[in-house]
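Protein chains in written order, with the UniProt record's numbering: chain A, 1 to 223; chain B, 1 to 223; chain C, 1 to 224; chain D, 1 to 224.
In short, the hints are calculated from the structure, not lab data. Any given hint could be a false lead.
Straight line, CA to CA, 30 Å or less: simulated DSBU-like cross-link-like pairs of lysine-lysine [to be verified]: (1) Lys167(B) <-> Lys84(B); (2) Lys151(A) <-> Lys186(C); (3) Lys72(C) <-> Lys84(B).
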Amino acid sequence: MSTTYTSTHTSTDAPLGKDELAQLVAADITRGSFVNLGIGQPTLVSNYLSPDQDVTLHTENGMLGMGPQATGEQVDEDLINAGKIPVTELPGASYFHHADSFAMMRGGHLDVCVLGAFQVSQSGDLANWHTGAPGAIPAVGGAMDLAIGAKETWVMMGLFTKQGESKLVEALTYPVTGLGCVSRVYTESAVFLIRPEGVTVRSTHGITFEELAGRLPVELTRA
Amino acid sequence: MSTTYTSTHTSTDAPLGKDELAQLVAADITRGSFVNLGIGQPTLVSNYLSPDQDVTLHTENGMLGMGPQATGEQVDEDLINAGKIPVTELPGASYFHHADSFAMMRGGHLDVCVLGAFQVSQSGDLANWHTGAPGAIPAVGGAMDLAIGAKETWVMMGLFTKQGESKLVEALTYPVTGLGCVSRVYTESAVFLIRPEGVTVRSTHGITFEELAGRLPVELTRA
Amino acid sequence: MAPRFAASAADAVSGIRDGATVLIGGFGNAGQPMELIDALMDCGATDLTVVNNNAGQADAGLALLIKERRVKKIICSFPRQSDSWHFDEAYRAGEIELELVPQGNLAERLRAAGAGIGGFFTPTGYGTLLAEGKETRVIDGKGYVLESPIHADFALVKALRADRTGNLVYRKTARNFGPIMAAAAKHAIVQVSEVVETGGIDPEAVVTPGIYVDTVVEIGGTNR
Amino acid sequence: MAPRFAASAADAVSGIRDGATVLIGGFGNAGQPMELIDALMDCGATDLTVVNNNAGQADAGLALLIKERRVKKIICSFPRQSDSWHFDEAYRAGEIELELVPQGNLAERLRAAGAGIGGFFTPTGYGTLLAEGKETRVIDGKGYVLESPIHADFALVKALRADRTGNLVYRKTARNFGPIMAAAAKHAIVQVSEVVETGGIDPEAVVTPGIYVDTVVEIGGTNR
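Generate the whole structure from the sequences, applying the supplied hints.
Structure (structure tokens):
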């Protein structure tokens, strides 16, 4: 299943907050999709999926039909998401073991996966598992499986580092998670579509297209 | 799990009938084994397994805990064995799909598999799927999976062709099903153990060891 | 996406075009999607590649597709049976291509397609005619053959029950190839005895999650 | 063979010797066989190779085994966590070997071991540091890495319920690595909340057939 988007460029005066960004991602998910929201920031997206979108959430630790975070009496240590947070079960859920769960991802059955990132390259290469810093203990989890498994991989991230450098880059300087896998990047300042022909800016937020083009080391076209 | 047998040679005056042979195989199966009996003649073995042997039968079309052939009202077209014969379900049974079922075999989880054969070589190579005759339409089914999957593969066959030639051979002339996989051969005239050091005759039936040694193209030792 | 609930078997298979690769479930009569196969016969699609354990029996179902020369190639483990006369005739006439695959490799190749595996080393078939021309490798002293996934356009599967999200359960040995075929095909078409509301199948007992199911048709019938 | 029903967790793990490879189920606390891990701690076996999704958390279970330097090597996907201080210390001291594996490859390598697959081509990890030194291949334009099965001597698994033949069912996301670890190990040791008579588990709903289960210990406990 593909997703739809407006083909004309839009803009807002202010950068997007994390919840606004999550709302934007949620609105872009096609009705009836099967979606994995990774861990951390992308899980916010689930707060903005409407029931009539009929989206089914997958968690790679073995479940389809995951419901909202569990509270109070609902908390059950046998029912957690990939971030090890207690969740709930919706009608129509199913459970399966880890090999079946990752087969479901690797086999291309999920429509969309939304992930965080350290960097994304203009050709859709993703870095989100390892800083490569000396002395850092590496941990990968399901990051590499998620990156290359779904029909579409979308990234949610801040566009700039604390030092003001672009995290959308010509070529990755962090270790690779997956090659050529990212098709969209959602940031507080802009939404990017990564296509074979190059990077398109779908919308800008608190920054003009021209300012953005001046700050990023990547050739951009306006949607 | 290994199986036990008497280490001294035994003999009977007459060749074994099919049911006697099945009874002999059944008696050799260690208590608590998981066993696949293929199709055709080896399925007779199930008639001679005693309840206190606690043997669990596997059928490669997706079941453990297969019971006896179904009769009358028991017949259910959704419950068949690998030979497509209606069977029954015993308490403790389980069902699984074809990939899981063959993974169970290929992964070496079955203790014994009993198969028919056209030929067995002195090194345990098995031929039982294809005559290789010109114009014959080949069909393999689960034969190659069964041959190499179980911890032990036993063969039940007539020792001689209609022309009187030995089916226990130095090297196969029929197309191979599996290499070095057979550890025992049960025939009407003798029971053979195939070991790295050679072929041992465990028992003779209606033929002396010397007569047997004279008729077979394989070096034999007496148990 | 929640599956489409088709009005009839004919409606369910209406998207199958000439030249398609079609997986057909079942082992013997157990799990054979007979109504879907009959509908495929009626819909006229030809030049098909079919994957099934067998190559048709007697004068029904897949055997009729073969009789009418609608199947250009069959991938199966056990074509020759006492009542496979239509296949036998087409094969001897050189009018159907046969790819013979050991049953466990057939199952694993389908599983690999659904699981995104690019190829795998299997011990089954090593040293046999069916490994000729294939890459082999000795790993830890044991011989293996490299086998590839079998991807397909459609799967025709019979299950016992579906819920409204497409979750499936099967019945006894009729499960056989159904789950792996549903996952290996781009579009899985499933006939069931009954459709129940969402929540009507225990989440612990779901065998095929709805993500693998695209079209469902309720046939009713004789299941106990 | 029907499984042995052990009198205690200590009895259940008593066969684990120095140098063994031990698979430990669980993802977070869900499906962690805590009583079996504690018993492994008490039994004294050392020089272990452990396979788990993580590398121990806080001051319990696997973390304590690592603290005591009983684990010479760990194969896992996610060692570094906020509370993985015992692993972090051992690792920085060069006193534990780490084999880092993407989670899906870890699961598939365990599945391959149980399924008799000699190796498989997976797209996960292609072009990354974790594929360095491994055989790669481009198949139909897509890059794959060759990965090998992970065989083991023992598996420690937590399930919800066993019957007397060893058939198992799990509970919700506590299923995770249990079924594939039970199949990948020579000897699967399973702790369950309850044991029921043979026939007490629906044959259609069995997740791990008893053929994979060698030792069962009933722990009772808090499962709902």
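Query - Hint numbers not upheld by this structure, sorted from lowest to highest - result: Nothing - there is no hint that the structure violates, so all of them hold.
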